[in-house]
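Asks: One-letter residues, chain by chain:
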Amino acid sequence: MEAALEALAERIREAAAARRALRLRGGGTKDFYGREPAGEILDTRACAGVVAYEPTELVVTARCGTPLAELERLLGERGQMLAFEPPHFGAGATLGGCVAAGLSGPRRAAAGALRDFVLGARLLDGRGRELAFGGQVMKNVAGYDVSRLLAGSLGTLGLILETSLKVLPRPPAETTLRLELPEDRALETMNRWAARPLPVSATAWRDGELTVRLSGAASALRAAAAQLGGELVEEKEAAQFWQGVREHTDPFFEGEAPLWRLSLPSNAAPLALPGTQLIEWGGGLRWLKSGAEARTVRAVAERAGGHATLFRARDKSAGVFTPLPPALARLHLELKRAFDPDGIFNPGRMYEEF
Amino acid sequence: MGEALAAAGVGQAIDHARQRETVAALRAILPERSVLWQEEDTRPYECDGLTAYRRLPMVVALPESEDEVQRVLAACHALGVPVVPRGAGTGLSGGALPLGDGVLLSLAKFMRVLRLDPVARVAVVQPGVRNAAISEVAAPFGLFYAPDPSSQIACTIGGNVAENSGGVHCLKYGLTVHNVLRVKGYTIEGEPLEVGSEALDAPGLDLLALVIGSEGLLAVTTEVTVKLLPRPETARVVMASFDDVGKAGDAVAAVIAAGIVPAGLEMMDRPAARATEEYVSAGYDLEAAAILLCEADGSAEEVEDEIARVKEVFTRAGATRLMVSRDEAERLRFWSGRKAAFPAMGRISPDYYCMDGTIPRKRLGEVLAFIGEMEAKYGLRCPNVFHAGDGNLHPLILFDANNPDELARTEAFAAQVLEKCIAVGGTITGEHGVGVEKIDQMCVQFATPELECFHALKRAFDAKGLLNPGKAVPTLARCAEFGRMHVRGGKLPHPDLPRF
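Sequence order for the protein chains is A and B. Quick note, the first sequence lines up with residues 1 to 354 if you use this note's numbering. Quick note, the second sequence lines up with residues 1001 to 1500 if you use this note's numbering.
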């Protein structure tokens, strides 16, 4: 592993000396995400393997090239899971790509996002130096929280070598229910449920149907299911449904129309935008398939108190992520310079400016 | 501590010309009552919760509006005067220790809850709002704010954001960083800054994670949006006695191994239990070597289930006595001793020094044995309370600050324990922050490249280094002087160089 690490560091030093862009890449399952990738591919998959896993410490540490599927299988064998249910978007997804993309799945509103589970990280910075932040313990406030900053950084700050994540036990039981509700009533219902101590672990609304997953002790699920009403969804069908929402294999995600991801306050009113929607996270995440103009979508998201990302589209000329206000944009440039002074890592992947 | 104090320039005389100039600049912005500079007025601000460190600030500013904060910061930046932000001053690491040549910026007047939305389950509050007050205003809606540091009746949300405060329910509900959605504030230049949003994420890098826990070095917080959670229907506590600390540690691991994430999981050793029992009569078993408190919350069915499983795990782990709270009053009584552990120490010793290391739980027995050896070595008592669920230790060294030799021994004792925490794969601070107190141990926990990175991050927000300088991150020069270095993989950096 030392050799693999040294090879990566050497490539980075060479690239920095020549000011040549590097495109950090694991399994390539998230090539579609963000702005157009640029630079020579630096494959992270040689740096793989679980470094430490202590089920009773609720922590797993693994190298960037570790296949996400392998990691989740290992946790599953001990009755544990990555509670943020990261989407893989393909068979080859790696842990490094998962952390760099920072995406979370259906359980996010209930359990927290990927960044909430990051405990520590090791990275190679733009000079090829190895840095370690955080650690393998639940609480750690020594130094700035750089490991969490790496979550969702799209590889723009450094090559994530290794990450320590908090893991959680899998719930003893799960039940999925389905209710017929129009969009406005579904939003109202999801927000009402979230304000009560119910074991709701995922919600998804599309085509006039609200699907809700409950997770926890069997006794608690029985009591909650009786309160929520709706039809019980058969176990196998439910598993397939949530997998489809998580991995975007659900029929909703088919087709060529641009896919927008709107992150909004959960109680934001139904969107006045053309197209079809799938709503998750208790109303906080709205997937929109729409040919509407980018500036219209962004304006609607902003007025609702959130932001819009052009998640999948053939034409990304309108930009992918919501532009930052000037003060934040300047800070981003400064932070980029602090980690990657020659600007070699994934240039332009997040914003054009870096 | 003594070393740190000397290096931090305690006792340095105030430059009166500089003081007059600064007061004049601030008087142009703030009303007379909001600018303090005479010793009798600035004395109350000389320290925070870490009372061993005291220093008079050159000037205290007490702005009342965001506009005033912005102008005070811009004025200080223009004059090159450093600024130390302060909330309630309950911090335990000296993060709000003033500077003799600086302005202490108190946010104490920012006490309003600006908005509470029971549907979206968020509250927008000013930084001087007390932690417990948020849950109080949310209570009529069946909601609460989860992080509950033991100082919650006094500490403010602004300080919680600065320190990324935890509490006794972190394992299940997380720290401040998991429960804050947005922070608004100003950079030292007086530039407005807004990180996070009322949605679950925001575009760009996660600057919210960077600002939370930055110990007031990156920005001054003027508004915080927190997430509110539905209050669990019910909660009950299992109290278990063990005749051996190691067995209690194993019992904690067994709870986790059984797939349970309790709402709270706390341990006290016998000296801690005895001291708190004398103080609050919580009903603790004084013969036990260690007591565990394990709380289950949720629906009545869930709690009943979990309590039964926890009892079974504890019994198998060799508990000598088990009690389950029968009602809310008893649950609160069981907790009362744990929550009063710090003041209880104040009754049995003139002074106590609280540590905050976090370790992997499986190393607990080893670290407690080490603390026992240190008690003998330094001739000082050290009861232990422990957030067992998340590995966060609070050993409390009892000493008398009027005895300089005891103070010196306490410092050496604490330094060795913190370095032991690092050695077993943990950290020097789980929730209290580095401040000035643990700044030398940062040299042991981090190597030069990480420290350089921290300084580069700081410069991105504060190029002149005027916001809370000298806290949280040591300079490389200071680490060189401190003489103890981070050892990576058993190898010193530049092993070929001679060391003295």
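In case anyone wonders, no lab produced these hints; they're calculated from the structure. Be a bit skeptical, because a hint or two may be false.
Derived, one-sided and incomplete: chain B residues facing chain A with beta-carbon distance under 7 Å [what the hints assert, rightly or not]:
1. R1020
2. V1023
3. A1108
4. M1111
5. R1115
6. V1119
7. F1144
8. N1164
9. A1199
10. D1201
11. E1301
12. D1390
13. T1427
14. L1466
From the three backbone atoms N, C-alpha and C, an ideal C-beta is built for every residue, glycine too.
Asks: I'd like to know which numbered hints this structure contradicts. Please list them from smallest to largest.
Replies: Numbers 1, 2, 3, 4, 5, 7 and 14, in rising order.
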